[in-house]
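Asks: Sequence:
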Amino acid sequence: MSHHQIQPTPALIIAALKDALRRDIDNSAHNRVVMTAGVVAFISDRSLFRGFHRHKALLRAVRDHAAFGANVDPYGEHDFGSFGLFDERFFWKIDYYDRALSAGSPDPADAAVTCRVLTIMLAADY
126 MSHHQIQPTP ALIIAALKDA LRRDIDNSAH NRVVMTAGVV AFISDRSLFR
176 GFHRHKALLR AVRDHAAFGA NVDPYGEHDF GSFGLFDERF FWKIDYYDRA
226 LSAGSPDPAD AAVTCRVLTI MLAADY
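Numbering (the numbering used here), first residue to last: 126 to 251.
In short, the hints are calculated from the structure, not lab data. Given the structure is predicted, the values throughout are model-derived calculations rather than measurements. Do not take every clue at face value.
Claimed, not checked - Straight-line alpha carbon distances no greater than 20 Å define the calculated DMTMM-like cross-link-like pairs of lysine to aspartate or glutamate that follow:
#1 Lys181 / Asp144
#2 Lys218 / Asp235
#3 Lys218 / Asp204
#4 Lys218 / Asp149
#5 Lys218 / Asp232
#6 Lys218 / Asp189
#7 Lys218 / Asp144
#8 Lys218 / Asp151
#9 Lys181 / Asp151
To be verified - Label pairs and their calculated CB-CB ranges:
#10 Lys181 / Asp250: 18 to 26 Å
#11 Ser207 / Asp170: 16 to 24 Å
#12 Lys218 / Val238: 15 to 23 Å
#13 Gln130 / Glu213: 40 to 48 Å
Each residue gets a CB set at the ideal place from its N, CA and C atoms; glycine is no exception.
Please model the entire structure based on the sequences and the hints provided.
Replies: Encoded structure:
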């Protein structure tokens, strides 16, 4: 009896690596998580507790995003999401670069040569 192992496609590998970054968003290793100035202003409330609460809720929403389908994720790479929070609309996007962040990654499916950059923005920033 022969067992055939199904090899994952590059898109499945890329999606898994992007999902891993979002799942462990507080410990992004060599990857980066950045926020636009609009998001920073939104979570930098005068009340330290409120700002902390907004920051954690925002990261949780990005981490837990699971609404991927052919209409919003045509390449199956899990590289974009949108959600509403605190009466605002947010987007997040993951791009892949070489480790020096000077050009695109030579192989986005290879974590050893790729730095993923997760950008969180207000929809109005887009």
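Asks: Next step is simple, just say for each hint if it's right about the structure.
Replies: Going through the hints against the structure:
1. Lys181 / Asp144: holds, 18 Å
2. Lys218 / Asp235: OK: Lys218 and Asp235 at ~19 Å, within 20 Å.
3. Lys218 / Asp204: holds, 5 Å
4. Lys218 / Asp149: Holds - the C-alpha atoms of Asp149 and Lys218 are around 16 Å apart, at most 20 Å.
5. Lys218 / Asp232: holds, 18 Å
6. Lys218 / Asp189: The hint holds at about 14 Å.
7. Lys218 / Asp144: holds, 12 Å
8. Lys218 / Asp151: It holds: about 16 Å lies between the C-alpha atoms, which stays within 20 Å.
9. Lys181 / Asp151: Distance ~10 Å between Lys181 and Asp151 Cα, so the pair holds.
10. Lys181 / Asp250: 18 to 26 Å: holds, 20 Å
11. Ser207 / Asp170: 16 to 24 Å: holds, 22 Å
12. Lys218 / Val238: 15 to 23 Å: holds, 20 Å
13. Gln130 / Glu213: 40 to 48 Å: At 45 Å between Cβs, range holds.
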